[in-house]
Amino acid sequence: MNIKGNLPLLILHVLSTGPRHGYTILKDIKQGSEGVLRASEGTLYPILHDLEQRGLIEAFEETVNGRLRRCYRLTESGQRELARQTAEWQRFSHAVNLLLGGAS
Amino acid sequence: MTGSTPYANLDRWLDQATRGVPRRRVDSIRAELTAHFEDTTADLLEQGIPPATAQQRALAALGDPQAVARGFNGVHHSPHHYLVAALACLLLLLENFDLPQRFLMPDGTGGSIFYAADHALTTLLTFYVVLVMGRLVVGHHAAKKIVLGGLLANLVGAAILDLVGDTWATVPTLLKASNGAEGLGFLLRDGGILASSAGLVVLGVGVLPALNPRAKGLAIAVIIEGMAPLLYLITLYLDGRNFLYFFLLLALNTMILLPAISLVFMRAWISSRHLPAQLA
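As you go down the protein sequences, you meet chains A and B in turn. Sequential numbering of the first sequence, starting at 140, is according to my numbering. Sequential numbering of the second sequence, starting at 6, is according to my numbering.
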């Protein structure tokens, strides 16, 4: 189960429901995955910056809870990439489920 | 940058986590990670956990600072080094075809000082290219030191041979050195090549499991770049000077690797210039 490798996909998915800053992104991923995800939290940020450099998300500054924060939002190419990777993931997990004979 | 937050342990953690990050990004990255730390602490305080424990846990949750630094180093680079390194690669390419010599000394009468300077320039350029490649690699400090130390030894050894010995004629290796100075020259030159090449292979292998496809490609180039002189050295000592091997390895090194590495650097330079100014 390569959760760390899929962190970019999960980040894009979380951002598709609205912009957030780093801490909230991680919280949403943790809650959504029912605590399965337990990456070392600091490593979220290099991944965020990498997604930003690749143009899939963009950063902006916003005051949240009285502090100026770096927030991220999905770009158009990020939306396309999210759709592409989600479809790929669904095909993959469907195939694995078939092979393992379990219910999807 | 120590002392930038009210938390001493966090400062130390941030120092390690931002090691190797370009100066222009360090402050904003520190601020971002500090905000995360403070959010975590605030959440834990709400759950009734005492402040000291909350801070400890928040710091622990951030995880291994070296892993974070490795992540950042794969993403944030100083742009100008890439452009210069790309140009250095192209210059090395010209050097491999002896083009500067042909241009500056068309009748071929260089004199030993000229060749010494030429070798020195080539090695210094290689030094620089390796340094810039090393910026994509966090950790593996021992391997990096060995590579640079090896290149330095190579530089000194080649200089000695150019000034004192007669490498192009009859004495290609240490085993046939005719005097102490030549012996020392060979020892340093070939020992240096051995060390720097082996170091490059180790470095490349260490970076291979990287997240970043660009770093992966560079790792493979580094490994081949290390293996070529190693193989040449082995054939030289086992089989004497064999021009076929020499030219094959030269072709491999020059025509494939240097342009490839140059391209990687150019793409890195171009992509790093697209950072929006206010967020850089």
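Hint data in this document are derived by calculation from the structure and do not stem from the laboratory. Just so you know, not all the hints are guaranteed correct.
Chain A regions said to be covered by chain B (calculated; three or more residues, Cβ under 8 Å) [what the hints assert, rightly or not]:
id	stretch
1	184-193
2	204-218
Not the full set, but computed from the structure, chain A residues with beta-carbon under 10 Å of chain B [as the list claims (entries may be wrong)]:
id	residue
3	Thr156
4	Gly161
5	Thr163
6	Lys166
7	Ile168
8	Gln170
9	Glu180
10	Gly181
11	Phe231
Computed from a predicted model, the values in this text were never measured in an experiment. C-beta: ideal position from N, C-alpha, C; glycine also.
Going through the hints against the structure:
Three residues within the 8 Å Cβ limit are the bar, and the stretch 184-193 of chain A against chain B gives 6, so the coverage statement holds. Given as covered by chain B, the stretch 204-218 of chain A passes the check, having 3 residues with a CB less than 8 Å from a CB of that chain where 3 are the minimum. The beta carbon of Thr156/A comes no nearer than 19 Å to any beta carbon in chain B, farther than 10 Å, and the hint placing it at the interface is violated. Interface hint at Gly161/A: satisfied, since its Cβ lies 6 Å from the closest Cβ of chain B, which is below the 10 Å cut-off.
With 10 Å as the threshold, the beta carbon of Thr163/A comes within range of chain B, its nearest partner Cβ sitting at about 8 Å, so the hint holds. Below 10 Å, beta-carbon pairs count as interface contacts, and Lys166/A has one with chain B at about 8 Å; its hint therefore holds. The criterion of a C-beta within 10 Å of any C-beta in chain B is not met by Ile168/A, whose closest approach is roughly 14 Å, and the hint is violated. The closest approach between the C-beta of Gln170/A and any C-beta of chain B is roughly 12 Å, which is over the 10 Å cut-off, so the hint fails.
Because the closest C-beta pair between Glu180/A and chain B is about 5 Å apart, less than 10 Å, the hint holds. Against a cut-off of 10 Å between C-beta atoms, the interface hint on Gly181/A holds, since the closest Cβ of chain B lies about 4 Å away. The beta carbon of Phe231/A is not positioned within 10 Å of any beta carbon in chain B (closest approach about 19 Å), and the interface hint is therefore violated.
This entry does not satisfy hints 3, 7, 8, 11, going by the numbered hints stated previously.
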